[in-house]
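Between the sequences and the hints, there should be enough to build the whole structure, so can you do that?
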Amino acid sequence: MADRKPQLFEQTSQYQHWRFTPSSLAKLRAENNRLGVDRVLLGLQQEAQVDDQGASDTRIAEATDNLLTPAEELKLIGFYLQMIKFCAKVYMTSKLLKPESLNNVKATAINFMKRFYLHNVVFDYHPKNIMLTCLYLATKVENAFMKIDDFIRPLAAADAKSGSKTVTKSEDVLGLEFIVIQSLQFELAVHHPYRAAYGFYLDMQQYIEDKDRLRDVYERTAHYIDQSLHTDLVFFYQPSQIALGAFKLAAKDKDFDVDLYLTQRFDARSLELLFLALDEIQDGITGFAQATKEDARLIDRKLILCRNPEKNPNSVLYKKTVVAQGDVPYVSDSDSD
Amino acid sequence: MSSKAILGEEINKETESLYKKEKKLGEGTYAVVYLGHHIKTGRKVAIKKIKLGNMRSGLDMSAIREVKALRELRHPNVIELIDVFSHKTSLNLVLEFLDTDLEIVIKDKSLVFMPADIKSWMMMALRGLDHCHRCWLLHRDLKPNNFLIASNGQLKLADFGLAREFGDVKRAMTSQTVTRWYRAPELLLGATNYTGSIDIWAMGCIFAELSLRAPYLPGASDLEQLTTTFRARGTPTEDEWPGVTKLPAGYNFERFPKPQFSDLFRGSSDDAVDLMNKMLAFNPVTRIGASDALQHAYFRSLPRPTAPAKLPRPAQNIADVDVETADGGKKRQYEDAFDDMAGNGIETAAAARDRLKAEPAAKRADLRISSPA
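From first to last, the protein sequence lines are chains A and B.
Okay, so the first sequence: first residue is 1 according to full-length UniProt numbering, each after it adds one.
Okay, so the second sequence: first residue is 1 according to full-length UniProt numbering, each after it adds one.
Hints in this document: simulated from the structure, not taken from any laboratory.
Where is the CB? At the ideal position from N, CA and C, for every residue including glycine.
You may find that some hints are simply not true.
What the hints assert, rightly or not - Example chain A residues on the side facing chain B (calculated, C-beta under 8 angstroms, incomplete):
1) Leu25
2) Glu31
3) Asn143
4) Phe145
5) Glu177
6) Phe186
So, in structure tokens, the structure goes:
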């Protein structure tokens, strides 16, 4: 098998650059967090030098006490990942997003955001903003383009309704577009389990008699695939493997047996490995715990105290250095499209 | 991705620092292309700088499509996207540097094409396209000037600004795609669900153009494109394209008879005409696919495709192309000697080309060559 042609999936950027083991992923996140913390402390020290109000000592002490751990970062990011599907549904209801594009847009946005935070920390970029930019970018990548004004409208309306102090503007979304895309290493093609699941569903029809129940099972898999998007499984397994894991869970719910299909379709040696992977995938999916609003609120309260002043437009440092140098991030301001 | 930096911004800066821009090569409405080089290796590159200053909705769709597609494709006949970096408000694509394109070659009347040359270009083009289709990607803008040519003669598929993935029947795609003269009939009739067969149609048009040295189906407007197509290919019948006469918009086209293709493509072999007809089949379902096209008898029969390095190409300086030889004939500037398959009696394209150049024009009429229109 050494000279076989590489599988199509093995040629994708997803396979080549975005694959980890649980321990390599944890290591990367820990290192990323550590470097982020260093930058926060360095930024605060720099701020102390330019700050003439003399409150910097307190600020440094507060930040040091409230620094987020990698796990806290993940929980906060996780909360905003969950928001993506609600936002996406709003666009669907207002006919800006076609129902058939929903799954891909949602899944790509979630994936972008997860990848983004492998190369950034929440101290620098708050997930609330990154979430919107990832979602907008995902609409473009998944051929579901809408104009930025259309994208902003429901968000601004929601801000106004909730009496929020700030109203989302197009610059908030577009200003981060380059920051996001460069952190994605400009790799925009993402593969999801939905299509693989559909492929399996078609293939299974040749092996499974009871088509009605099979359809029930297939329809149920979407639920588990949705759930899988929020886990780290995408960094460990191929979309087709996750799809099969979701199929097995769906089959259990419907008291159905897809193992019969698997045993006919794969040889004993592959099956042994496959079942091992599928067990882990099923555990990963069912083990997913939602981040609650309360979790997010508590972490967010800490984050206010430990943001990197270098990246925070409201900080003294930012106002005195970044703005003064005229090096403000890209903001789109023209009318042409 | 061998970079040690973790931070997205740092990785981007590292990438940018690898290249140096030199002079401007060209400017389009949305991008400027620079000649540049990789600082450490000295490798020549083209840097396509996409300006975003005036994009109301941020990164535009063609930039997204191009980056998304090229980041996934690696093939000798697809342009290599070496790196990407952003700089303030511009997106920079570092592409392999390519000297010329197929349109320039076709239009250069000083170049003579032999059947073996056309076969070579078609083979490289179809290989690149087959790779895209295998990766479930449609190019959607195939035309001669989107096939670039490297200094070693390799043909490379480029400009992926309209490319997108396909295969999901539930998701409609626009029929307003592909440059008009290369647009497949199903697109002209408004199909929103299509496959790689639309790229194959365009390839078929390019095949014909290589033989005719002129665009094959030059419709004057979108409306006239179907008429031009039907006049050249014969109006399709229900047998030829089941369902075509039952389209919701009706089927009120003038019935043109099917012409004798071998008359028009007199310089082409029967195999060549057969493959061309299969690529230009009206029914997209029966139209030949890229990988089957590569298996067609045309690519297995003689003459063998010309080695890429021996293909005709425009000289930098036209005045230097032809050098008068002692016997009064003209000799190409580049070396053809390698192309001679000594001892087997087969005249190679390069050898034949030299002979033709030496023969008076009147004697050439009966030879199977394609000459400038």
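Now for the hints, and whether the structure bears them out:
1. Hint status for A:Leu25 relative to chain B: violated, with the closest Cβ pair at about 13 angstroms, above 8 angstroms.
2. Interface hint status for A:Glu31: upheld, as the beta-carbon distance to the closest one in chain B is roughly 6 angstroms, under 8 angstroms.
3. Because the beta carbon of A:Asn143 sits about 6 angstroms from the nearest beta carbon in chain B, less than 8 angstroms, this interface hint is met.
4. With its C-beta approaching chain B no nearer than about 6 angstroms, A:Phe145 sits inside the 8 angstroms limit, and its interface hint holds.
5. Look at A:Glu177: its Cβ gets to within about 5 angstroms of chain B, closer than 8 angstroms, so that hint holds up.
6. Interface hint status for A:Phe186: upheld, as the beta-carbon distance to the closest one in chain B is roughly 4 angstroms, under 8 angstroms.
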